[in-house]
Amino acid sequence: QKEVEQDPGPLSVPEGAIVSLNCTYSNSAFQYFMWYRQYSRKGPELLMYTYSSGNKEDGRFTAQVDKSSKYISLFIRDSQPSDSATYLCAMSGDQTGANNLFFGTGTRLTVIP
Amino acid sequence: KAGVTQTPRYLIKTRGQQVTLSCSPISGHRSVSWYQQTPGQGLQFLFEYFSETQRNKGNFPGRFSGRQFSNSRSEMNVSTLELGDSALYLCASSGAGATDTQYFGPGTRLTVL
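Chains as they are written, first to last, in my numbering: chain A, 14 to 126; chain B, 115 to 227.
Chain A on its own, in the form it takes in the complex (with noise of 0.2 Å):
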């Protein structure tokens, strides 16, 4: 079993809809939680950082964080055709060293015009 599960979609969606996210894992040491934006034939971008439980906003996205269930979630309202890209969750935490990141296989999201 990975440390991490995410579902690999393909997602596709009309643009301006809800999109949800998610992923599991298994490592309770985990602390520090991320998502990624990568587009393709380039290197992931930060989109969203959370420590621990409990929700962030940025704008159009909102990423939560239940330590409970270890599971994390990424919203993205309003969708555009910009937001097509692969996501990825990601997270480590004190045990493996914050600068380990272990990751999800990625969510390929399109979103239709």
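A couple of the hints might just be wrong.
What the hints assert, rightly or not - So the derived label-pair ranges between C-beta atoms look like this:
| hint | chain 1 | residue 1 | chain 2 | residue 2 | range |
| --- | --- | --- | --- | --- | --- |
| 1 | B | Leu227 | A | Arg54 | 18 to 28 Å |
| 2 | B | Thr128 | A | Ser53 | 37 to 47 Å |
| 3 | B | Gln168 | A | Ala30 | 43 to 53 Å |
| 4 | B | Pro175 | A | Asp91 | 41 to 51 Å |
| 5 | B | Gly142 | A | Glu58 | 16 to 26 Å |
Hints listed in this document are in silico derivations from the structure and should not be mistaken for laboratory results. Quick caveat: nothing in here was measured; it's all calculated off a predicted structure. Built from N, CA and C at the ideal position, the CB exists for glycine as well.
Since the structure of chain A is already known, use the hints to place chain B on it.
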């Protein structure tokens, strides 16, 4: 501020050869991490260097090695290449703190024939 740069962007090698990839971090960043990205396994952590010392290491064979120079630039070397080493190799840099955000470069696409 210039981002993380990686050279070369594309590389084709044959089995048994060795390869060296280079990464220049964001100015002022002292931590450099390397990841391998494949369609099946996603992003997997190789190792992290901080102030010329390997600080963390993932679960890869000894054929994968790295080093960091005094100017924080880093190189990764893969010896005795195997077909399964074909992947996108990503470098990420971050500041000195353990919780500092990682910024990724565009990657080096390695194809082993």
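Now for the hints, and whether the structure bears them out:
At about 21 Å, the beta-carbon gap between B/Leu227 and A/Arg54 stays in the expected band of 18 to 28 Å. Hint check: B/Thr128 to A/Ser53, Cβ distance near 27 Å, so the stated range 37 to 47 Å is violated. A C-beta distance of roughly 45 Å is found between B/Gln168 and A/Ala30, which places it inside the suggested range of 43 to 53 Å. Distance hint check: the CB atoms of B/Pro175 and A/Asp91 are about 46 Å apart, consistent with the given range 41 to 51 Å.
For B/Gly142 and A/Glu58, the hinted distance range of 16 to 26 Å is satisfied, since their beta carbons lie about 19 Å from each other.
Checked against the numbered hints given earlier, this structure breaks only hint 2.
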